[in-house]
Amino acid sequence: MNDGGVILRVRALYKTYELGKENLVRALRGASLEVAWSEMLAIIGPSGSGKSTAMHIMGCLDTPDQGEVWLEGRRVDKLKRRELNHVRSRQIGFIFQGFNLIPTFTAAENVALACEYAGMPRRKAKAAAARALTGVDLGDRLSHHPSELSGGQQQRVAIARALVNEPAIILGDEPTGDLDTINSREIMQMMRDINKSTGTTFVLVTHNPEVAATCDRTVCMRDGVVLADEECRPG
Amino acid sequence: MKTVKNVFRRKLRAFLTIFGITIGIFALVVMGSLAEKITLLVNGGTRFYADKVTVSQGGSAGFSVNPISVDRIPAIQAIPGVRLASAGITLPLDKEQSASFGVPAMISASDLRGRNLESFKLTYSQGRELSPDDQGKAVVGADLVQKLNARVGGFIKVRGRSFQVVGILEKTLTIPDDAVIIPFRDAQNIFFNDLPELVQKNINPDMLATGLTIYPKPGVNPDKLAEEIGKKYPQYDAIGPAKFQQQVTNSTHIFTTIVFGVALISLLVGGLSVINTMTMSVYERTREVGIRKSLGASDGRIIRQFLGESAFIGAVGGITGLALGWLFVLVANKAGEASGTVIFLLTTRLAIGSIAFAIVLGVFSGLYPSWHAARLNPVQALRYE
Numbered sequence: 072m073n074d075g076g077v078i079l080r081v082r083a084l085y086k087t088y089e090l091g092k093e094n095l096v097r098a099l100r101g102a103s104l105e106v107a108w109s110e111m112l113a114i115i116g117p118s119g120s121g122k123s124t125a126m127h128i129m130g131c132l133d134t135p136d137q138g139e140v141w142l143e144g145r146r147v148d149k150l151k152r153r154e155l156n157h158v159r160s161r162q163i164g165f166i167f168q169g170f171n172l173i174p175t176f177t178a179a180e181n182v183a184l185a186c187e188y189a190g191m192p193r194r195k196a197k198a199a200a201a202r203a204l205t206g207v208d209l210g211d212r213l214s215h216h217p218s219e220l221s222g223g224q225q226q227r228v229a230i231a232r233a234l235v236n237e238p239a240i241i242l243g244d245e246p247t248g249d250l251d252t253i254n255s256r257e258i259m260q261m262m263r264d265i266n267k268s269t270g271t272t273f274v275l276v277t278h279n280p281e282v283a284a285t286c287d288r289t290v291c292m293r294d295g296v297v298l299a300d301e302e303c304r305p306g
Numbered sequence: 007m008k009t010v011k012n013v014f015r016r017k018l019r020a021f022l023t024i025f026g027i028t029i030g031i032f033a034l035v036v037m038g039s040l041a042e043k044i045t046l047l048v049n050g051g052t053r054f055y056a057d058k059v060t061v062s063q064g065g066s067a068g069f070s071v072n073p074i075s076v077d078r079i080p081a082i083q084a085i086p087g088v089r090l091a092s093a094g095i096t097l098p099l100d101k102e103q104s105a106s107f108g109v110p111a112m113i114s115a116s117d118l119r120g121r122n123l124e125s126f127k128l129t130y131s132q133g134r135e136l137s138p139d140d141q142g143k144a145v146v147g148a149d150l151v152q153k154l155n156a157r158v159g160g161f162i163k164v165r166g167r168s169f170q171v172v173g174i175l176e177k178t179l180t181i182p183d184d185a186v187i188i189p190f191r192d193a194q195n196i197f198f199n200d201l202p203e204l205v206q207k208n209i210n211p212d213m214l215a216t217g218l219t220i221y222p223k224p225g226v227n228p229d230k231l232a233e234e235i236g237k238k239y240p241q242y243d244a245i246g247p248a249k250f251q252q253q254v255t256n257s258t259h260i261f262t263t264i265v266f267g268v269a270l271i272s273l274l275v276g277g278l279s280v281i282n283t284m285t286m287s288v289y290e291r292t293r294e295v296g297i298r299k300s301l302g303a304s305d306g307r308i309i310r311q312f313l314g315e316s317a318f319i320g321a322v323g324g325i326t327g328l329a330l331g332w333l334f335v336l337v338a339n340k341a342g343e344a345s346g347t348v349i350f351l352l353t354t355r356l357a358i359g360s361i362a363f364a365i366v367l368g369v370f371s372g373l374y375p376s377w378h379a380a381r382l383n384p385v386q387a388l389r390y391e
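Taken in sequence, the protein lines are chains A and B. Numbering-wise, the first sequence is residues 72 to 306 according to my numbering. Numbering-wise, the second sequence is residues 7 to 391 according to my numbering.
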């Protein structure tokens with residue numbers, strides 16, 4: 072568990088994709104990064120810099136061709152599918168740009184699904200989902216479907232879903248990308264408050280300087296590597 | 007609940023897929039009911055012929071209409087192992103027989119000499135059995151009551167002749183249900199009238215029979231006895247239980263093949279449509295699969311989710327198919343009662359079997375799409391638009 076105050080450590084990550092038969096995309100070329108416990112970190116960088124790929128690998132949604140990923144002191148890049156599922160359901164929460172809620176499920180059902188996958192019995196999952204949604208001020212929207220909620224509300228459902236299993240780290244891929252300025256600020260403030268009150272670590276991939284400014288620290292990526300702090304120029 | 011919701015996301019498609027299975031199961035239930043009835047008839051026949059030998063004139067089989075002379079009885083009776091030889095007449099109830107499935111309605115008569123040796127006992131729901139002195143009397147099989155408008159004490163018409171009903175048989179679910187039993191002498195007269203004029207001139211109606219029933223002595227093997235009679239009188243067909251069994255097995259084999267064929271077609275058509283629907287469903291919900299995987303859903307859970315949906319499609323299709331088939335059988339048998347042709351029998355094993363078949367079909371057809379969904383790469387699935 073104790074990795075010198077580091078919750079997430081990635082070392083020299085390489086990942087190459089094949090687009091078509093001869094077109095190779097080298098998304099990551101030796102990216103390394105450390106994230107401290109309870110830190111709120113922003114990863115910025117131009118399109119194609121490898122931020123999303125890095126986030127997917129950190130979130131155990133994908134595996135690197137080379138390199139290491141350590142989560143809470145345990146190496147996770149070599150785990151089997153079943154173990155990766157386990158890590159995703161209990162140790163990591165995700166927030167996506169497009170909210171990624173299941174459209175036929177109510178807000179409560181969307182959140183409860185995460186609990187069920189973490190092994191919680193259905194009744195307990197329901198109660199936990201209601202608590203989590205109340206925590207993001209959606210206690211009165213439990214039985215609303217995503218289509219009946221505003222963008223900001225949908226993203227709050229996604230935050231509730233990411234938080235409900237109390238993971239140590241939450242990964243966000245452009246969490247405010249689909250929101251207007253007011254909703255965007257509201258969501259950022261909410262994540263900041265959660266980070267401060269619960270100590271949950273946040274790693275947010277973003278294009279938005281305002282989002283980056285809300286975080287404790289910002290790192291930049293370019294051409295598949297994480298740049299040294301002095302090379303990183305905001306904007 | 008979620009399964010139902012997911013299946014009916016695309017209502018028309020779900021309906022069409024379920025309808026496909028419904029048709030298949032409907033066909034299976036209807037054809038199966040036909041086969042069940044035939045099987046029951048055959049089993050009844052097997053019981054009927056279990057301990058005796060039937061002898062008819064060569065060149066005819068089953069319900070023979072070639073005459074055999076009653077005066078052969080003493081010679082056959084003299085064969086060692088024969089306990090009793092009894093003459094009988096079996097004729098179609100309607101002279102102009104229309105083609106129909108199952109067993110046609112028959113006139114049945116015997117000289118009643120063997121009735122105490124008969125192991126296939128008939129029971130009467132009303133009235134009494136025929137006695138040797140009866141003339142112009144009849145006993146009516148259960149399935150012919152409505153067609154002939156028969157009631158004890160009333161009169162029925164058999165081949166234009168009037169017979170007074172003295173008894174109505176309990177349902178046997180086999181041959182006697184479609185028979186009118188009349189006195190032997192009356193049957194001889196009807197048979198005589200059936201024969202061509204040229205034959206009539208050379209025949210004494212009192213000697214007429216369509217077949218002889220031979221009851222073996224205790225301990226004598228009826229099949230061996232049939233063989234012996236056949237050897238001694240090659241002009242006759244002597245059929246023992248084994249040969250009867252063999253004959254009917256051949257004919258029921260055709261029905262089994264038809265039912266199997268229908269099942270196979272319904273398997274193919276229904277199965278393909280479920281595969282198609284589930285594959286489409288998985289493609290449409292690729293993003294949903296990605297979301298579920300990002301939340302830590304195991305492969306098993308994804309597979310179970312989609313398999314549950316395809317099993318549900320199979321079950322609903324199976325239940326509606328069974329319900330429609332049951333309704334069809336009910337209506338067809340009701341209609342058939344009036345003409346004395348009750349040809350369907352929906353048994354419990356057929357009902358349970360067809361539902362189970364539909365569910366297994368649904369699950370089996372859902373295997374590939376479910377497996378495909380479970381193996382999706384979460385990142386690619388999440389990006390799917």
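Some hints here could point you the wrong way.
[Said to hold, decoys possible] Covered stretches of chain A (chain B as the covering partner; in silico rule of three or more C-beta atoms under 8 angstroms from a C-beta of chain B):
1) 106 to 119
2) 152 to 160
3) 163 to 171
4) 183 to 189
[As the list claims (entries may be wrong)] Quick list of the computed label-pair ranges, beta carbon to beta carbon:
5) GLU89(A) to PHE14(B): 17 to 27 angstroms
6) GLU89(A) to LEU333(B): 30 to 40 angstroms
7) THR353(B) to TYR88(A): 55 to 65 angstroms
Rather than coming from a laboratory, the hints here were simulated on the basis of the structure. These figures come from a predicted structure and were not determined experimentally. Each residue gets a CB set at the ideal place from its N, CA and C atoms; glycine is no exception.
Hint check:
| no. | hint | result |
| --- | --- | --- |
| 1 | 106 to 119 | violated (count 0) |
| 2 | 152 to 160 | holds (count 7) |
| 3 | 163 to 171 | holds (count 3) |
| 4 | 183 to 189 | holds (count 4) |
| 5 | GLU89(A) to PHE14(B): 17 to 27 angstroms | violated, 39 angstroms |
| 6 | GLU89(A) to LEU333(B): 30 to 40 angstroms | violated, 58 angstroms |
| 7 | THR353(B) to TYR88(A): 55 to 65 angstroms | holds, 60 angstroms |
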